[in-house]
Amino acid sequence: MIEVRQLTKRYGAKAAVDNLSFTVRPGRVTGFLGANGAGKSTTMRAILGLDRPTSGSALIDGRPYAEMRNPVHHVGALLDAGAVHGGRSAFNHLLCLATSNGISGARVTQVLDQVGLAGVARKRVGGFSLGMKQRLGIAGTLLGDPGILMFDEPVNGLDPEGIRWIREFMRDLAAEGRTVLVSSHLMSEMALTADHVVIIGRGKLITEASMAELAERHHRGVLVRTPQASALSTALRESGAAVVAAADGSLSVSGMEASAIGELAFARGVVLHEITPRSASLEEAYMELTDDSVEYRATRTSPRAAETPERSAA
Amino acid sequence: MSTITATRPAAPPAEVNTSGLARTIASEWVKLRSVRSTHMYLGAIVLAVALGGLVAYLMTADWDASPAEEQAMFGGADPAQLAFPIAQFCLAALAALAMTSEYATGMIRTSLTAVPARGRMLLSKAVVVTVVTAVTGLALTLVCFFLGAAITGDRPAPIRAWESFGDALPTLLSHSAALVSMALVGLGLGAILRATAGALVAITGLLFVVPIAVQFLPRELGMKIFATLPIELPGQLAGTASDPVYSQPAAAGILALYAAVALTAGWLLLRRRDA
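The listed protein sequences correspond, in order, to chains W and V. For the first sequence, the positions run 1 to 314 when the numbering used here is used. For the second sequence, the positions run 315 to 589 when the numbering used here is used.
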């Protein structure tokens, strides 16, 4: 279990992480979401004792990371797959990490095999592709068979096959009862991987919820298609539901469950062509939640609008 | 690359409770021996010895061809005179790289995740650097001694650098000690500066630039500072300096102090700074 308690990290006057608290529990994949610069990496570095918090704390199974004698046996962390000496072979890179935690070279061979790098074990890491470096980093997290795993943006730069591999890999780890924390700014990816999400913006917690709770909260009503739209609309409004008619003739109904809508239509003899409960995608929910807290945003200006001041100046 | 699924390892490694320091030292040894730069610097030292031998050989040949009155003005044909300063720079650079290469590559964050005890990591690096430079230093000075003796043969002083092995021994040991001290200074500078270029400039400055700059100081003060510089300490430590400012124990203390100050400063900064 990872506990982040009132964590604050300031760089000068700017707070990269601001009084952030959340808990990462075992047995599920926890997605750590936020825009670029929201403070995800800083939080993860603080959890690993790489950055010293300005205030607050981060605990791993109840104690600070820096106090662990053999951290590789408890936590497997991959913050940056590029954080390796390019001149070392894959085997020697892992051997450096393994030896410091009393793990043998035989285990290094084992994890290299597990991630599919056995064939390039003696090759210099500098020549590896990004995908191979990610696999090497993941091999490093597996060395001590840890109960807690942390990955920072693990799918960045990977091809579709690599992305799928990592997704299944993380789901398997969580299924084995391990604690898995994975950060990403890719909502679509997290929607497929995470069971639980922690969303931050500008270093502050925006929400912490399970994917099911999030879908519930960002419920978008029920989509109904019928050739008798006006009759159904009237009936629904009489029953207290709100109805919005879209341009394509479909109805968006809120305030009533899909089952109740179906029963009402049946009672009134209205034919239904489609009835679909809708909820916001994780991406939509995320956009709604973080609307006010995006640090760096491109302002959308049409080329025409941008030209106008120039014209008037001329 | 085949698709693989995460399977639980057949035999998860058991957490062992051997000494953390011993394991970290072993890990730092793997780090040092597994990078090309280490081998390149050690190779450069071998070349420097060969070059020193060549110079000693040429000197001896020149001595043989010189009239007696000129022979008296020759210095000793000792390969170490060329090889030692080069080795001192190479070993200090090798040690600095043990720290700065971690920052240059980002490896430091991976390393500190495996070994969060930063003082233990730096101490382990210091132990590995001490052993490697002490062994290299002793090998270098011994090879230089025997090479020089073989080249000069039964010729008399001054072309013959040492009367006997016992005569040379204090210098061989003090040279080795100075190599260890400067390598530890290099390691400390690496931890302080975190950048390879900066550390190499600082080492070059200390070994080769400051000795020149000091000569522009007022004579009395200049002599005192000059005698305190790393290049002047081995002679005073061995007791062979013609006009020593420091006693042998004092020279040993100053050499140790160089290493201690650099490592302590490096440790304090390493402990405090974000990685």
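No wet-lab data here; the hints were simulated from the structure. Be careful, since some hints might not be right.
To be verified - Restraint ranges, calculated between C-beta atoms of paired labels, are given here:
no.: 1; chain 1: W; residue 1: Gly177; chain 2: V; residue 2: Val575; range: 49 to 59 Å
no.: 2; chain 1: W; residue 1: Asp291; chain 2: V; residue 2: Asp588; range: 27 to 37 Å
no.: 3; chain 1: V; residue 1: Pro399; chain 2: W; residue 2: Lys204; range: 54 to 64 Å
no.: 4; chain 1: W; residue 1: Thr54; chain 2: V; residue 2: Leu535; range: 27 to 37 Å
no.: 5; chain 1: W; residue 1: Ala66; chain 2: V; residue 2: Asp481; range: 20 to 30 Å
no.: 6; chain 1: W; residue 1: Tyr11; chain 2: V; residue 2: Gly389; range: 17 to 27 Å
no.: 7; chain 1: V; residue 1: Leu356; chain 2: W; residue 2: Leu130; range: 28 to 38 Å
no.: 8; chain 1: W; residue 1: Ser129; chain 2: V; residue 2: Gly512; range: 23 to 33 Å
To be verified - A short, non-exhaustive set of chain V residues, derived as facing chain W with CB atoms under 10 Å:
no.: 9; residue: Ser341
no.: 10; residue: Glu342
no.: 11; residue: Met421
no.: 12; residue: Ile422
no.: 13; residue: Ser438
no.: 14; residue: Arg469
no.: 15; residue: Ala471
no.: 16; residue: Arg474
no.: 17; residue: Glu477
no.: 18; residue: Ser478
no.: 19; residue: Gly480
no.: 20; residue: Arg508
no.: 21; residue: Arg533
Glycine is no exception: its CB is placed at the ideal position from the N, C-alpha and C atoms.
| Violations among the numbered hints | Per hint list: 4, 5, 6, 14, 15, 16, 17, 18, 19, 20, 21 violated.
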